[in-house]
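Protein chains in written order, with the working numbering: chain A, 1 to 316; chain B, 1 to 298.
Treat the hints with care, as some may be off.
Stated by the list, open to error - The calculated lysine-lysine pairs, modelled on DSSO-like cross-linking and capped at a C-alpha distance of 30 angstroms, are:
| no. | chain 1 | residue 1 | chain 2 | residue 2 |
| --- | --- | --- | --- | --- |
| 1 | B | K122 | A | K247 |
| 2 | B | K192 | B | K204 |
| 3 | A | K160 | B | K62 |
| 4 | A | K45 | A | K61 |
| 5 | B | K204 | A | K45 |
| 6 | A | K67 | B | K62 |
| 7 | A | K9 | B | K285 |
Please keep in mind that the hints were generated in silico from the structure rather than gathered at the bench.
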Amino acid sequence: MVDSKHQWKAWLYLAPALVLLLVFTVWPIINTVRLAFLEGYSGMKAAGGATFTFGLENFEKVITYKKFTLTLKNTLLLCVLTVPISTFLALLIAVALNSIKPLQKTLQTIFFLPYVTNSIAIGMVFAAMFNVVGSALGTPNENLTSVGIVNNILQIFTGKDHYVSWINSNSPEWANMFVMTVYIVWNALPFKILVLLGGLQAINKQYYDAAKIDSTPRWRVFTRITVPLLSPMLAYVIITGFIGGFKEYTSIVGVFGDKMGPPDAPGRLNTMVGFIYDSLAQNREGLASAAAIILFGIILVVTFINLWVSKKRVHY
Amino acid sequence: MTTIAEKKLAPSGSNKLSTSSRIRRTIMGIITYAFLLLMALIVIFPFYWMIISSLKTLEEYKLNVPTFWPRLIQLKNYADAFQAANLGRLFLNTAYVGIVSTILSLIITILTAFAFARLEFKGKNALFGFLLATMMIPGELFTITNYQTVNAFNWMDTYTVLIVPFLVSVFYIYLLRQNFLQIPNELYLAAKVDGTSDFKYLWKVMVPLALPTLISITILKMMGAWNSYVWPRLVTKSEDMRLITNGLRGASMKDATGETHFPMQMAAVTMVSFPLFMVFVFLRKYIMSGVSRSGIKG
Numbered sequence: 001m002v003d004s005k006h007q008w009k010a011w012l013y014l015a016p017a018l019v020l021l022l023v024f025t026v027w028p029i030i031n032t033v034r035l036a037f038l039e040g041y042s043g044m045k046a047a048g049g050a051t052f053t054f055g056l057e058n059f060e061k062v063i064t065y066k067k068f069t070l071t072l073k074n075t076l077l078l079c080v081l082t083v084p085i086s087t088f089l090a091l092l093i094a095v096a097l098n099s100i101k102p103l104q105k106t107l108q109t110i111f112f113l114p115y116v117t118n119s120i121a122i123g124m125v126f127a128a129m130f131n132v133v134g135s136a137l138g139t140p141n142e143n144l145t146s147v148g149i150v151n152n153i154l155q156i157f158t159g160k161d162h163y164v165s166w167i168n169s170n171s172p173e174w175a176n177m178f179v180m181t182v183y184i185v186w187n188a189l190p191f192k193i194l195v196l197l198g199g200l201q202a203i204n205k206q207y208y209d210a211a212k213i214d215s216t217p218r219w220r221v222f223t224r225i226t227v228p229l230l231s232p233m234l235a236y237v238i239i240t241g242f243i244g245g246f247k248e249y250t251s252i253v254g255v256f257g258d259k260m261g262p263p264d265a266p267g268r269l270n271t272m273v274g275f276i277y278d279s280l281a282q283n284r285e286g287l288a289s290a291a292a293i294i295l296f297g298i299i300l301v302v303t304f305i306n307l308w309v310s311k312k313r314v315h316y
Numbered sequence: 001m002t003t004i005a006e007k008k009l010a011p012s013g014s015n016k017l018s019t020s021s022r023i024r025r026t027i028m029g030i031i032t033y034a035f036l037l038l039m040a041l042i043v044i045f046p047f048y049w050m051i052i053s054s055l056k057t058l059e060e061y062k063l064n065v066p067t068f069w070p071r072l073i074q075l076k077n078y079a080d081a082f083q084a085a086n087l088g089r090l091f092l093n094t095a096y097v098g099i100v101s102t103i104l105s106l107i108i109t110i111l112t113a114f115a116f117a118r119l120e121f122k123g124k125n126a127l128f129g130f131l132l133a134t135m136m137i138p139g140e141l142f143t144i145t146n147y148q149t150v151n152a153f154n155w156m157d158t159y160t161v162l163i164v165p166f167l168v169s170v171f172y173i174y175l176l177r178q179n180f181l182q183i184p185n186e187l188y189l190a191a192k193v194d195g196t197s198d199f200k201y202l203w204k205v206m207v208p209l210a211l212p213t214l215i216s217i218t219i220l221k222m223m224g225a226w227n228s229y230v231w232p233r234l235v236t237k238s239e240d241m242r243l244i245t246n247g248l249r250g251a252s253m254k255d256a257t258g259e260t261h262f263p264m265q266m267a268a269v270t271m272v273s274f275p276l277f278m279v280f281v282f283l284r285k286y287i288m289s290g291v292s293r294s295g296i297k298g
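With the sequences and hints as input, model every part of the structure.
In structure tokens form, the structure reads like this:
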């Protein structure tokens, strides 16, 4: 029952949060949309007294901008590579963890370890592991000092002379993408394992007992019992995985630095979020806003597709 | 999968199972452990490599055949990295920003969550629904305008700009409201009968009962300050105003020939990672309970 005399008290409790939300959440939503539709808006020019007309120019510019389509391609590629791989691996690990007794707690702790890390810091560790030390790499005067620990391990299988330039100058794009995929998957595993293992532990053991009596093969038990009963958790980690994937930025800064690419090809691995910050740094707020709205639109669409698919697929 | 179910079905031991299924089970067990241990090794390896690299001399680091334990432990890397990355100053900045923003954020979150959980006012559900909806929007969309706003407020290069824009988190409000709702209403009514004010009830009853959630929020907020990179880089021009992660990526750690001094860099990375490890070791369960409900990092 709403006692109107006491309502003002409730608003008093809400006041600090509401004031801050108005300034730093509500106003940005309105203003960023406004800037996106102001043609060629720039904060610097606006301060100088310039005026801007309403229109779709920013969106047209962004979509036709080669730099932007490249970041769109990179972002999509990273999503498509990392979300399925990390979800599948996390599922395997969670199922395996759930089936063992000794060492379960210890292994669970180890698998959670990457969660509590700084993505820039550990990105630098991955850079060090993939880095090739030497001068004039990839040229005839190449002077190789050390191929890095990852190449060292790979040489056990491929032979002494072979190495891949993963992140250095002259490194191929697929190698850069491979490093980022490994790092992002490594980083994404702990959260997914945590959620999936929680889901597995909540499954009623009776289903497995029934399958046991019918002597159902292990693979069938997995595809017909485990996965369907786990589907709400799977949908959850896939959706959050895609949302995180579309906002990928700092992990690439961690490995490649804020040039977002190997030294001879800066910007090659730039993502949509990177494009937004670059535009902001160049005082092109209109462009940045349009890109941010496109990013939001993509996230919305992908989330709805995911929800729609999971409505059909998720059991219960 | 050796589950409890199997043991229940074979109470008198494994002699009831046929030999072939026992062999199959053993093989499955070996494969399971081999897979888990291999994955655990991959997960742990970067941490191991970070620490041993940070202790090597540059010469040893660059050896063609890598060493898996430093021949000569080089603690000097740590002192050098501390200086080169300006870590002392940045550490103090980060601690200050982290502590102040955590305290203020906790107060605001408690007040707001209480209003949404216990008090009655017009438009409560609509307002709460709106707040939850804003969680869908990517942070970059806010950043663009907030950058302009803090510029207009003349907040550039101050601690204020690192603290104030992020004080309210809808996710924390949501988390705490859920926790407050679990506290039985009878307690509130009893306190009302005794003439306890709302405010006193909040601080004396609800806050102590919701302590685990408040600890989760504190840890996530502190980790947020420790890991923030983009915003401080955007709104601070002076190197002395930045936060710890900025120093890490920004500092030039080169040797005499202009090559990256990796052992020094790894020493800096280890120093920045160390407090996070401590949090992990001692406060893991609070992080896990907060994390599994969100998917939000920091």
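Verification of the supplied hints:
| no. | hint | in the structure |
| --- | --- | --- |
| 1 | B:K122 to A:K247 | violated, 36 angstroms |
| 2 | B:K192 to B:K204 | holds, 13 angstroms |
| 3 | A:K160 to B:K62 | holds, 17 angstroms |
| 4 | A:K45 to A:K61 | holds, 18 angstroms |
| 5 | B:K204 to A:K45 | violated, 54 angstroms |
| 6 | A:K67 to B:K62 | violated, 36 angstroms |
| 7 | A:K9 to B:K285 | violated, 36 angstroms |
The structure is inconsistent with the numbered hints 1, 5, 6 and 7, although it conforms to all the rest.
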